[in-house]
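Undergrad: Sequence:
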Amino acid sequence: MSRPQRKSSQRLPAPLSQEDAAVYDAHVVPRYSTLFGRLLLRHVPAGARLQVLDVGCGSGYPALEVMRRLGDGGRVIAVDPDPSLIDLARRRALGETGRRIFFKTEAAEQLSFGDEVFDLAVGNLTLSSLLQPERALSEMRRVLVRGGALILTQALEGTFEEVLDMFREIALKRGEDNIAGRVDRIAVRYPAPSTLRAIVESAGFTDVQVETEDFHLPFDGAAQLMSDPALRLIAVPEWRWIAGFDADGAERLRQVEQHLDTYFGGGPLTLRVRAGVVTARV
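Going by this note's numbering, the first residue of the sequence shown is number 4, and it counts up by one from there.
Incorrect hints may have been included.
[Said to hold, decoys possible] Restraint-style ranges between C-beta atoms, simulated for each label pair:
| # | residue 1 | residue 2 | range |
| --- | --- | --- | --- |
| 1 | D251 | G117 | 46 to 54 angstroms |
| 2 | G117 | E254 | 38 to 46 angstroms |
| 3 | G270 | V148 | 20 to 28 angstroms |
| 4 | A49 | L134 | 33 to 41 angstroms |
| 5 | R34 | T215 | 34 to 42 angstroms |
| 6 | S20 | L134 | 18 to 26 angstroms |
| 7 | A49 | F248 | 44 to 52 angstroms |
| 8 | R34 | A253 | 24 to 32 angstroms |
| 9 | R94 | E179 | 41 to 49 angstroms |
| 10 | R138 | P18 | 26 to 34 angstroms |
| 11 | R94 | G161 | 29 to 37 angstroms |
In case anyone wonders, no lab produced these hints; they're calculated from the structure. All C-beta atoms, glycine included, are put in the ideal place defined by N, C-alpha and C.
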């Protein structure tokens, strides 16, 4: 999944309201999460009889698509800490719930399953939403059988670089080192492929591979970008944090919008999304 971005305060993210969960399902999933989910699904063996754990399943994508790829006897257990999203997932699954797919409100950092239960663990944009991604990876490794597989997607270095570069330019012009420092702290959330590989290897996985693919999100202009429902949940909170919540924060965001319009000639613009999918073995 791709949940609203975790703030740099490191506090546990609050559950979504029913309204925001509906916005997530209607806008974030089709416009953003599916870009990554398609990469993940390419690596799920078609027709295999597997026991699959989907960690951070959101409103059910791509858990249901994973289930449909499995053969007879295959099943998916999908977990997410947000009860509003789990409720949406259960409604989407309809008659399959409790048969081939099961949904559970549960955090990735403390899975309730025994050791060596699953053949495959997947997570679509899961790591970036976690306070303790290393612990979650350790838990995923624990519940996988020997020879089991891991498939995770992650937004990588270069994602939304157009907006981050505008913040850097504004920080330089205004001599605001604190703003530049905040940009760097957010940029770390989008690791290089080599960094992502090292994170997974450090959790004890082997045969770790990272594939990348670039996508571009189109907008009519900077104003539409800033008001886009999907970005309002997954990126704008980060940008507001960079801008600051002092009296100048709104002005800094306005300057970013103006700089984007100037850079793109006041017309349509695109934001780069660099998607990565990491595969590994126990």
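Undergrad: What hints, given by number in increasing order, does this structure fail?
TA: 2, 3, 5, 10
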